[in-house]
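The lines below spell out each chain.
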Amino acid sequence: MASFQTALNDRLASVIGRGGRGFDGWSLAAVAVAAILAAPILVILGHVFVPAGDIWAHLASTVLPRYVFNTLWLFVGVGAGTLVIGVGCAWLVTMCRFPGAGVFEWALLLPFAVPAYVLAYAYTGMFEFAGPVQTWMREAFGWGPHDYWFPEIRSLGGAVAMMSLVLYPYVYLLSRAAFLEQSVCVLEVSRTLGSGPWRSFATVALPLARPGIVAGLSLALMETLNDFGTVDYFAVDTFTTGIYRTWLGLGEAAAAAQLAAILLLFVFSLVIIERWSRRRMRFHHTSNRYRRLPGYRLTGARACGAFAACVSPILLGFVLPGAALLAWSIETAEEVIDARFLGFAFNSFALATLTSVAAVGVAVVLVYGTRRRQSTLITASVRVAGMGYAVPGAVIAVGILLVSSQIDNTIDGWLRATLGVSSGLIFTGTVAGIVFAYLVRFLAISLNTVEASLSKIAPNMDAAARTLGHRPGSMLRRVHAPLMWGSLLTAATLVFVDVMKELPATIIMRPFNFDTLAIRAYQLASDEQLAEASPAALGIVLVGIVPVILLSLAIARSRPGSSAGPSTGPSTGPNHG
Amino acid sequence: MAEPAPRTGLQVEAVSHRFGERAVVDDVSFSVAPGEIFCLLGPSGCGKTTLLRLIAGLETLQHGRVVINDRVMADTTGIDVPPENRPMSLLFQDFALFPHMTALQNVAFGLKALDPGTRRERSLEVLGQVGMLGHAERYPHELSGGEQQRIALARARAPRPRVMMLDEPFSNLDVSLRSQLRDLVLHVIKRTTASSVIVTHDPEEAMFMGDRIAVMRDGRILQQGPPEELYDRPLNAFVAELFSDVNRIRGVVRNGRVETALGDVAANEFADGTEVEALVRPDSLILGPVEEGGASGTVLAARMLGESSLVHLGVAQGADVEDLHLHVRIPSRSRPREGNTVGITLDTDRVFVFPAPEC
Chain A
1 MASFQTALND RLASVIGRGG RGFDGWSLAA VAVAAILAAP ILVILGHVFV PAGDIWAHLA
61 STVLPRYVFN TLWLFVGVGA GTLVIGVGCA WLVTMCRFPG AGVFEWALLL PFAVPAYVLA
121 YAYTGMFEFA GPVQTWMREA FGWGPHDYWF PEIRSLGGAV AMMSLVLYPY VYLLSRAAFL
181 EQSVCVLEVS RTLGSGPWRS FATVALPLAR PGIVAGLSLA LMETLNDFGT VDYFAVDTFT
241 TGIYRTWLGL GEAAAAAQLA AILLLFVFSL VIIERWSRRR MRFHHTSNRY RRLPGYRLTG
301 ARACGAFAAC VSPILLGFVL PGAALLAWSI ETAEEVIDAR FLGFAFNSFA LATLTSVAAV
361 GVAVVLVYGT RRRQSTLITA SVRVAGMGYA VPGAVIAVGI LLVSSQIDNT IDGWLRATLG
421 VSSGLIFTGT VAGIVFAYLV RFLAISLNTV EASLSKIAPN MDAAARTLGH RPGSMLRRVH
481 APLMWGSLLT AATLVFVDVM KELPATIIMR PFNFDTLAIR AYQLASDEQL AEASPAALGI
541 VLVGIVPVIL LSLAIARSRP GSSAGPSTGP STGPNHG
Chain B
578 MAEPAPRTGL QVEAVSHRFG ERAVVDDVSF SVAPGEIFCL LGPSGCGKTT LLRLIAGLET
638 LQHGRVVIND RVMADTTGID VPPENRPMSL LFQDFALFPH MTALQNVAFG LKALDPGTRR
698 ERSLEVLGQV GMLGHAERYP HELSGGEQQR IALARARAPR PRVMMLDEPF SNLDVSLRSQ
758 LRDLVLHVIK RTTASSVIVT HDPEEAMFMG DRIAVMRDGR ILQQGPPEEL YDRPLNAFVA
818 ELFSDVNRIR GVVRNGRVET ALGDVAANEF ADGTEVEALV RPDSLILGPV EEGGASGTVL
878 AARMLGESSL VHLGVAQGAD VEDLHLHVRI PSRSRPREGN TVGITLDTDR VFVFPAPEC
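Residue numbers (the numbering used here), protein chains in the order written: chain A, 1 to 577; chain B, 578 to 936.
Keep in mind the hints are simulated off the structure, nothing from the lab. Treat the hints with caution; some may be incorrect.
Said to hold, decoys possible - Not everything, but these chain B residues come out facing chain A in the computed CB check (under 10 Å):
1) Arg630
2) Ile656
3) Pro693
4) Gly694
5) Glu698
6) Leu701
7) Gly705
8) Ala735
9) Pro736
What the hints assert, rightly or not - Just a sample of chain A residues kept apart from chain B, beta carbon distances all over 12 Å, derived:
10) Asp237
11) Asp462
12) Glu528
On a predicted model such as this, the values are computed, not experimentally measured, just so you know. Backbone N, C-alpha and C fix where the C-beta goes; we use that ideal spot for every residue, glycine too.
Work the whole structure out from these sequences, hints included.
Pasting the structure below:
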């Protein structure tokens, strides 16, 4: 009798086979693309061993302790904030019935549309000394400038609040999915064994959902590490701002790279935690029987409390800042929205379009490469190519700039020597360079979406098309393209929006005099012209609503009890530069 | 094993195929005449599916030759007709229907050479043959498993292929649906002049469907021929055991005969002193009254199985040897009572003697 092992081999071999006859060389392309995309990160890691000289000792004795201290406090603060808001709201909307719960289910995602730095500008505008809130308080109570205490929004605590308000949806989304996936039976068993709702939550539901919660939390913390705009504006020194200052202010490339390498250590530990918790998630289905969650019916004060708990993050993270931005935009629109402004919008739009087309194209090549031949080398290459989602934009930018000038000079020199023409700068301070940086960071988004969509096309479907007389080209056009079109569009949209919002890599890598909406908002805000920054910021928020709508639709489509919810993680969510 | 090759139909000649170190298909040859149904029977992992994919051109041929209607499809001289240009079609185990096309569009997919009017006409005709005319505008996800199977059959049949191959066509269906669809598929493909190849691991299905059957194991064809031949004259114990439960009786060859508890059996060409095993099908044993000098056994259990009954017998083989346990299938419902002793006669024409397996 053939053993199970040989049967398995046979099955695998027949699946792999030559199924993709006509796509030769794609596997090679996959490895090459992965190598190129991994290069900036490897460059950073390689610089750990380059002696940085005195500057390193200087950094270590002056700013480094502050970077570590601030980064750790951001971790703790944002971690706690996103956990309380995310898990609390997820539990309320999935397990309790109270007025508005159905709307909150998707509305709680709205803060996803607001980048942290935009929220920071809005709140500073509202709460600073000359802002409407303090002015009103002084007028209403007749206080002088020093008669009262008011929290300083531009502080470490403020940064924690801003990031918690826009990053909690990661935790909310994944813990909501985890709660939905839990069989009602285990909760009912818990109730019949004499545990009250609170005890059931703490002893059964929460531990079961823990892997989902941890995965959401690590994604939120990755975005915290990536943030540049908020901490820069609030003058909270972290690794991201440190890298920026060491690179552009001090001109110390090696030291900036080493700061980036330390930051990567934080990132890798988060990636490991996320992967580990996601792997464990699969084993947490205790029963396959699902029913509509019964829900605790809340009334009176409890219903009001639940309502308030869910409405506050939406008000604070979206409605209030959105309204402020809208008001200031109306006020300043006439002078701000001119030909230059439209030029910035066009630049943003062009970069985002270029990147999303490139990201989807590269993802298609990689995914077809893995489909054609499932070697460990190719699978590993694709994983490496997708790692960038965890790496802060500033780190990627420094990694690229460290080598791009050398590469540019090499190519230019070679072309001059052989063909007698000059290529000029290809990557340094060019649109090509910045699109490449975006690709490194956002490829995972398109990769996940395209991969999920192609995996739904069974390999036998290819064989069926071929044996029915269709060439590979015709098969792609008539079978693959119509089945994948929607997903490709979704992938392109998600990348588009993230590029619109991206700040740190754009600041470091943009060509001279090439400004985008995000850059414009950053510059005006830095110049204390918050009202003038509003139209650009509002534009970014409006574009950011698109993926929130896509997510909400996906949530609406996923029936309760089905494997719950849209895929999250790197494929969704904002980029908070 | 080589038969005179007909000029038409499918010929597979000395095909071998390896995945890395492992030989998945090992020197396989067979031919299927037009209108004939040929079954490849074997356990999973024996290379049947790979063989189909080689014939279809979905795998590149490494050794041997594949010929359809006198035209070489693939050989070792570099001829390798791509799958879309081979006059054959495949019915997949998972049906592989295109989810974004209606049943009608799925069936019409292989008819791109026809003009739209003829294409529609032909598609509807084939849908009618499988009883799915009423479901022409449905999408695959709106159809049951059995209905999807019928659409897949219609799709494979629509282009009038010269060779039609079915890969485990019923394994995804539940038992009651399976027998119903088996019947339909048999009649639909019997009506064509295509050479049909059906891959299955179910011997009963192979006998139900096939004009001829090839038994495969570990990439090799062990025996091929009409079902009666495989049932009545198996070349080895594996083939013998495939089609029914068998009684195994060990013995040693003396003077060209094997002495068994049930009497002497011709030992074919085995040399004296060889340890052999006689394989006896339960329906090759005849029960009767105990006769002088004849074999007998004690009834341990007797059970009615519907169309026949199964009698379990214990036969003494001597003081030191464990009793022989035999299964006897008798056509009637009148069964011997448990505990009684009955006489046993062996149908010596249908005893298969093979070398005893090493213990």
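How the hints compare with the structure:
{"no.": "1", "hint": "Arg630", "in the structure": "holds (6 Å)"}
{"no.": "2", "hint": "Ile656", "in the structure": "violated (15 Å)"}
{"no.": "3", "hint": "Pro693", "in the structure": "violated (15 Å)"}
{"no.": "4", "hint": "Gly694", "in the structure": "violated (19 Å)"}
{"no.": "5", "hint": "Glu698", "in the structure": "violated (18 Å)"}
{"no.": "6", "hint": "Leu701", "in the structure": "violated (17 Å)"}
{"no.": "7", "hint": "Gly705", "in the structure": "violated (20 Å)"}
{"no.": "8", "hint": "Ala735", "in the structure": "holds (9 Å)"}
{"no.": "9", "hint": "Pro736", "in the structure": "holds (7 Å)"}
{"no.": "10", "hint": "Asp237", "in the structure": "holds (54 Å)"}
{"no.": "11", "hint": "Asp462", "in the structure": "violated (9 Å)"}
{"no.": "12", "hint": "Glu528", "in the structure": "holds (55 Å)"}
Comparing the model with each earlier hint shows violations of hints 2, 3, 4, 5, 6, 7 and 11; every other hint is respected.
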